[in-house]
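Visitor: Protein chains in written order, with the UniProt record's numbering: chain X, 1 to 598; chain Z, 1 to 598.
Mixed in with the good hints there might be a few duds.
All copies of an identical chain are treated as equivalent in the list; a pair is satisfied when it fits inside any one copy or across any two copies.
Said to hold, decoys possible - Each computed EDC-like pair below joins lysine to aspartate or glutamate, with the alpha-carbon atoms no more than 20 Å apart:
hint, residue 1, residue 2
1, 436, 233
2, 530, 70
3, 123, 266
4, 123, 558
5, 104, 527
6, 148, 163
7, 309, 380
8, 104, 505
9, 104, 502
Just so you know, the hints here were simulated from the structure itself, not pulled from any lab data.
2 protein chains.
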Amino acid sequence: MSQTAYRTHHATDVTDDLVGKRVTLSGWVDRRRDHGGVAFIDLRDSTGLIQVVIDDEDMARPLRNEFVVEVEGTVRLRPEGNANDHLATGKYEVVADKVTVLAKSAALPFQVSTALENETETKLPSEETRLKYRYLDLRRPAMQRNIKLRSNMAKAARRALDEMGFTEVETPTMIKSTPEGARDFVVPARLVPGSWYALPQSPQLLKQLLMVSGVERYYQLARCYRDEDFRADRQPEFTQLDMEMAFVDQEDVMAMAEQVIKAIWESAGYEVTLPLPRITWQEAMDKYGSDKPDLRFGNPLVELTDYFKNTPFRVFQAPYVGAVVFKGGASTPRRQFDAWQDWARQHGAKGLAYVQFMEGGELKGVAKNFSEEERAGLREAVGAEEGDAVFFAAGSRESSQLLLGAVRVELARRAGLLDPHQFAFTWVVDFPLFKKADDPDDDDVAVGHSQWTSMHHPFTMPSKDWIDTFDKDPEHAMSDSYDIVCNGNEIGGGSVRIHRDDIQDRVLDVLGISEDEANDKFGFLLEAFKYGAPPHAGIALGWDRVASILAGVDSIRDVIAFPKAGGGRDPLTGAPAPISAEQRAETGVDYDPDEDED
Amino acid sequence: MSQTAYRTHHATDVTDDLVGKRVTLSGWVDRRRDHGGVAFIDLRDSTGLIQVVIDDEDMARPLRNEFVVEVEGTVRLRPEGNANDHLATGKYEVVADKVTVLAKSAALPFQVSTALENETETKLPSEETRLKYRYLDLRRPAMQRNIKLRSNMAKAARRALDEMGFTEVETPTMIKSTPEGARDFVVPARLVPGSWYALPQSPQLLKQLLMVSGVERYYQLARCYRDEDFRADRQPEFTQLDMEMAFVDQEDVMAMAEQVIKAIWESAGYEVTLPLPRITWQEAMDKYGSDKPDLRFGNPLVELTDYFKNTPFRVFQAPYVGAVVFKGGASTPRRQFDAWQDWARQHGAKGLAYVQFMEGGELKGVAKNFSEEERAGLREAVGAEEGDAVFFAAGSRESSQLLLGAVRVELARRAGLLDPHQFAFTWVVDFPLFKKADDPDDDDVAVGHSQWTSMHHPFTMPSKDWIDTFDKDPEHAMSDSYDIVCNGNEIGGGSVRIHRDDIQDRVLDVLGISEDEANDKFGFLLEAFKYGAPPHAGIALGWDRVASILAGVDSIRDVIAFPKAGGGRDPLTGAPAPISAEQRAETGVDYDPDEDED
Numbered sequence: 001m002s003q004t005a006y007r008t009h010h011a012t013d014v015t016d017d018l019v020g021k022r023v024t025l026s027g028w029v030d031r032r033r034d035h036g037g038v039a040f041i042d043l044r045d046s047t048g049l050i051q052v053v054i055d056d057e058d059m060a061r062p063l064r065n066e067f068v069v070e071v072e073g074t075v076r077l078r079p080e081g082n083a084n085d086h087l088a089t090g091k092y093e094v095v096a097d098k099v100t101v102l103a104k105s106a107a108l109p110f111q112v113s114t115a116l117e118n119e120t121e122t123k124l125p126s127e128e129t130r131l132k133y134r135y136l137d138l139r140r141p142a143m144q145r146n147i148k149l150r151s152n153m154a155k156a157a158r159r160a161l162d163e164m165g166f167t168e169v170e171t172p173t174m175i176k177s178t179p180e181g182a183r184d185f186v187v188p189a190r191l192v193p194g195s196w197y198a199l200p201q202s203p204q205l206l207k208q209l210l211m212v213s214g215v216e217r218y219y220q221l222a223r224c225y226r227d228e229d230f231r232a233d234r235q236p237e238f239t240q241l242d243m244e245m246a247f248v249d250q251e252d253v254m255a256m257a258e259q260v261i262k263a264i265w266e267s268a269g270y271e272v273t274l275p276l277p278r279i280t281w282q283e284a285m286d287k288y289g290s291d292k293p294d295l296r297f298g299n300p301l302v303e304l305t306d307y308f309k310n311t312p313f314r315v316f317q318a319p320y321v322g323a324v325v326f327k328g329g330a331s332t333p334r335r336q337f338d339a340w341q342d343w344a345r346q347h348g349a350k351g352l353a354y355v356q357f358m359e360g361g362e363l364k365g366v367a368k369n370f371s372e373e374e375r376a377g378l379r380e381a382v383g384a385e386e387g388d389a390v391f392f393a394a395g396s397r398e399s400s401q402l403l404l405g406a407v408r409v410e411l412a413r414r415a416g417l418l419d420p421h422q423f424a425f426t427w428v429v430d431f432p433l434f435k436k437a438d439d440p441d442d443d444d445v446a447v448g449h450s451q452w453t454s455m456h457h458p459f460t461m462p463s464k465d466w467i468d469t470f471d472k473d474p475e476h477a478m479s480d481s482y483d484i485v486c487n488g489n490e491i492g493g494g495s496v497r498i499h500r501d502d503i504q505d506r507v508l509d510v511l512g513i514s515e516d517e518a519n520d521k522f523g524f525l526l527e528a529f530k531y532g533a534p535p536h537a538g539i540a541l542g543w544d545r546v547a548s549i550l551a552g553v554d555s556i557r558d559v560i561a562f563p564k565a566g567g568g569r570d571p572l573t574g575a576p577a578p579i580s581a582e583q584r585a586e587t588g589v590d591y592d593p594d595e596d597e598d
Numbered sequence: 001m002s003q004t005a006y007r008t009h010h011a012t013d014v015t016d017d018l019v020g021k022r023v024t025l026s027g028w029v030d031r032r033r034d035h036g037g038v039a040f041i042d043l044r045d046s047t048g049l050i051q052v053v054i055d056d057e058d059m060a061r062p063l064r065n066e067f068v069v070e071v072e073g074t075v076r077l078r079p080e081g082n083a084n085d086h087l088a089t090g091k092y093e094v095v096a097d098k099v100t101v102l103a104k105s106a107a108l109p110f111q112v113s114t115a116l117e118n119e120t121e122t123k124l125p126s127e128e129t130r131l132k133y134r135y136l137d138l139r140r141p142a143m144q145r146n147i148k149l150r151s152n153m154a155k156a157a158r159r160a161l162d163e164m165g166f167t168e169v170e171t172p173t174m175i176k177s178t179p180e181g182a183r184d185f186v187v188p189a190r191l192v193p194g195s196w197y198a199l200p201q202s203p204q205l206l207k208q209l210l211m212v213s214g215v216e217r218y219y220q221l222a223r224c225y226r227d228e229d230f231r232a233d234r235q236p237e238f239t240q241l242d243m244e245m246a247f248v249d250q251e252d253v254m255a256m257a258e259q260v261i262k263a264i265w266e267s268a269g270y271e272v273t274l275p276l277p278r279i280t281w282q283e284a285m286d287k288y289g290s291d292k293p294d295l296r297f298g299n300p301l302v303e304l305t306d307y308f309k310n311t312p313f314r315v316f317q318a319p320y321v322g323a324v325v326f327k328g329g330a331s332t333p334r335r336q337f338d339a340w341q342d343w344a345r346q347h348g349a350k351g352l353a354y355v356q357f358m359e360g361g362e363l364k365g366v367a368k369n370f371s372e373e374e375r376a377g378l379r380e381a382v383g384a385e386e387g388d389a390v391f392f393a394a395g396s397r398e399s400s401q402l403l404l405g406a407v408r409v410e411l412a413r414r415a416g417l418l419d420p421h422q423f424a425f426t427w428v429v430d431f432p433l434f435k436k437a438d439d440p441d442d443d444d445v446a447v448g449h450s451q452w453t454s455m456h457h458p459f460t461m462p463s464k465d466w467i468d469t470f471d472k473d474p475e476h477a478m479s480d481s482y483d484i485v486c487n488g489n490e491i492g493g494g495s496v497r498i499h500r501d502d503i504q505d506r507v508l509d510v511l512g513i514s515e516d517e518a519n520d521k522f523g524f525l526l527e528a529f530k531y532g533a534p535p536h537a538g539i540a541l542g543w544d545r546v547a548s549i550l551a552g553v554d555s556i557r558d559v560i561a562f563p564k565a566g567g568g569r570d571p572l573t574g575a576p577a578p579i580s581a582e583q584r585a586e587t588g589v590d591y592d593p594d595e596d597e598d
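If we strip away everything but chain X, and leave its shape as in the complex, we get (with noise of 0.2 Å):
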């Protein structure tokens, strides 16, 4: 199909066949040259790009970077020693005897052309600029190419799906606000004044009603809202790949998710090994400092807390000491130590000791606050070799292993060992039931007023051991969840989900959630569990990070179309902006109840 109107053939296909033949291409001016009289213009299309010859002058002198052309001419292989090996069209040129203008450019305010290509991305305008001019920021190559990409995913994920069995559903997004942890965001109903939708943070319950329904398998590519501070790399509106199943369990749904994560990396040229492997939640946490471990690389924690027992150093007279090998760490000059120090502090430490193991075995750093037997047997303990050094961390369990799982990563990505062309994946499986709502280094908003909330979502399945007990042990009681890491990014997360109103009623009170509240905010969940909902589970996928992971790029904002900046703003569109007081008035935000009710 690539004859239209305004072409006979794309840029990539001329190749020696068309020698000769007379062609009709369309694009846009990437590059001029002018050597001796004659114009040689880079065209560029959505496929690639071909050199175009003008030896008319008053043909050429019109064409400005960017212009859109329609060339008319004849193909010819370069004359030799010119083909350009690093273009798929580079042997051929294309002599126009006639160039038409479609459209003009202004001066741009950045460059596009894909000259820019191999050349370092400090080149680009700012982020603020580049949203403001997306529309010459997505011409450029590097960014055509993660849109294709992600739109093969997509391609690629549904394939695997259908053959599953799946059915594709659509559910709406003007829905009742559902109790998943973040603010929602909400649209006002014209035509019940007072009241209003909110947009789904996800369809979580939409596709447990699906499961009632009998719809067995099914997925949607589901748009999703929250509204949060936009820290870091979020974005108000986001997608995910959602998928739910009946009359499965947990193993059931991984294998069916390992088959779709196999099809979106083939997509994308990279083979991936089945099965995935997997680790439980508590050895991430042991062995990585975290939840969502990067495996790319080793180098794990290492417990000291029983080495460290009668320990006459204060610091480390603590629930847990732990340690992270830093290979060849031990020259390291004492003011990087010292920029570690901040690196520490930044992440919430107070800071971050550590010894280095000097060749011949001195040992410096903290270790003079060591006893004798301890500086005597430390490289050993944690597995060094003279040359290296070890950061350590004391306190609480958990914070202490953060501290070191960051260590480790940032270690690695000093030391260069985070290929972003190679991916290692693990499922985390064996997750609490119930994680402390007053926890000070969780960001998730709590569900429910009790001091426990839900480590994944109120609906999530007790683990088959802890059916009976986890109201009276919510501390200890394990669930049927699991996430899908990959790269230290958690890609995908699901759940075995309760479909049993007594168990879901006993989860609530341990959330704290009344019987009133809990029937206000997703009664007709509960009521639907009255008339044969089958065992079900599901799982979702992050769709931009999986995107930004494939693509090799450091923000999902290169993989969406069109993002939003900081604080929700739209640079290109001015979104969002105020409303006319007609509008406004229309909404119907401003009515009054009161003067409504008796």
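Take the given structure of chain X and dock chain Z to it, following the hints.
Guide: Okay, now just chain Z, sitting in the frame of chain X:
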């Protein structure tokens, strides 16, 4: 992938190969019958039904309709003469030796059993009840088929688009308000108090930006939002298959769309012959009194303006007189013709003149008001036979034609000519560029502030002949736009878009949209057009309507998993609903801009 933790097979996996083998099945108790101490359960899963035989009373006792059960047993052939030919698995039954109740069901608010399948729809409860218990309504096989059909449609369309080189791109939902003729749903932006996002009425401007971005072929199954009063069969959120192409003209888009339509209909088992017929907008109005003519039957309107040009009948001394034949209508009783008068008044007409051509040549009805000559030639002029009747309309051309067009369809409906399994497509082409803004027959909200508004939308390209003069003669200017019609429904429409800012400026001028207003509302698109916008064109298909036509159902609510009821209410979840004072405060809707302004 039938095999999961709860089953070895689905119901319809049971074939001769499994006779004598042990199976585990899971699903719902569709119906239970008891004969001589043996219980016969129709077990229903997502593939269909299978009979389960339970001859253990204790095992059978608890089972009620819609209980969820896991059955272990042995497949056998049903006894001679007991096979059920209406059932795919009717030759077999499973003799249960273990039945596990996975979930119970309370007494049902209405019957779900597939036994209802062949009974009339009048057995269904009210739509309000169906929507309140949507998860039960969706278990009915008719609804399961609709949901599956919709999923298959998407698969087929995506495959066709993929083969034609399209890229799927997700565009944002929280955008800047765009001027497309309906009311926006709006979302308060907490982080920019007093500012709002709008939900897209369509991705129109965003897909045009994608064309400027060099994504030459875009598609998306896009959710769209219009805050309209809930008339007829509209939903506040709906889906369209949105497509746009660069470097194409009208013919390219129509050829592409035909491939997509063919693929969609094939996915439901219907063959579509290409190319599809075409009719101009003028011819559609003249012959069928509709811009979306139903071509499953003939019986075109007959224009009689000339015929009655010297008539003594005052009512027919009008700018337009036309007629439509009522085949065999001469013998219709008087009270039925009276009922047609009521029907006409409901359609906004004063009445509906008619003449009956009686056997033997006598004319009844308004014929007595005609001249002798008019009476003599009338039957031949309208193409009727003795025994037929004819309805007339006289007045303005457009309103008369629309009335006759409605009569034509109503006659066909009453004659049983509207076969839902026959599909008559036509393109409607050569639309006017503008229409009168103050047309009382028109539901659309005018875009702009002049006497003219856009027939499609303000971004529609004037046809080549009118590029230079459309603003001098807006009444007659034509556009490059096209609708696709099936069985009297507009199932899609599109146009060549304006890609030059000078033409866009002139169109906005005709619409009475000032430069300031234009810049405020979609300045970003006009700005984008300055940097090399390619010629582009597109089309969108109304996905819910297409699904309802293919499913053979009257309402789009029957092809949407969770539709809204009247007034935008969801009887299932109770949305929309009040929000808390705290939530309201957080939205920032009560922010007073004066406090910050100087």
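Visitor: At most 20 Å between C-alpha atoms: does residue 104 with residue 505 qualify within a copy, between copies, both, or neither?
Guide: Classified as between: cross-chain Cα gap 16 Å, same-chain 65 Å, threshold 20 Å.
Visitor: How would you label the pair residue 104, residue 502 (within, between, both, or neither) given a Cα cut-off of 20 Å?
Guide: Between. Shortest inter-copy distance 12 Å satisfies the 20 Å Cα cut-off; intra-copy 68 Å does not.
Visitor: Have a look at residue 123 and residue 558 and pick one of within, between, both or neither, based on CA distance no larger than 20 Å.
Guide: within (16 Å within a copy, 54 Å between copies)
Visitor: I want to check one pair: residue 309 and residue 380. Are their C-alpha atoms no more than 20 Å apart within a copy, between two copies, both, or neither?
Guide: within (17 Å within a copy, 112 Å between copies)
Visitor: Within a copy, between copies, both or neither: where do residue 530 and residue 70 come within 20 Å Cα-Cα?
Guide: between (65 Å within a copy, 18 Å between copies)
Visitor: My question is about residue 436 and residue 233: at a cut-off of 20 Å on alpha-carbon distance, are they close within one copy, between copies, both, or neither?
Guide: The answer is neither: 26 Å in one copy and 48 Å across copies each exceed 20 Å.
Visitor: When no copy is specified for residue 104 and residue 527, does a C-alpha distance of 20 Å or less occur within a copy, between copies, both, or neither?
Guide: Only across copies: residue 104 and residue 527 sit 12 Å apart there, 61 Å inside one copy, limit 20 Å.
Visitor: Within a copy, between copies, both or neither: where do residue 123 and residue 266 come within 20 Å Cα-Cα?
Guide: neither (32 Å within a copy, 50 Å between copies)
Visitor: Pop the pair residue 148 and residue 163 into one bin, within, between, both or neither, using alpha-carbon distances up to 20 Å.
Guide: between (23 Å within a copy, 14 Å between copies)
Checked against the numbered hints given earlier, the structure breaks hints 1 and 3 and satisfies all the rest.
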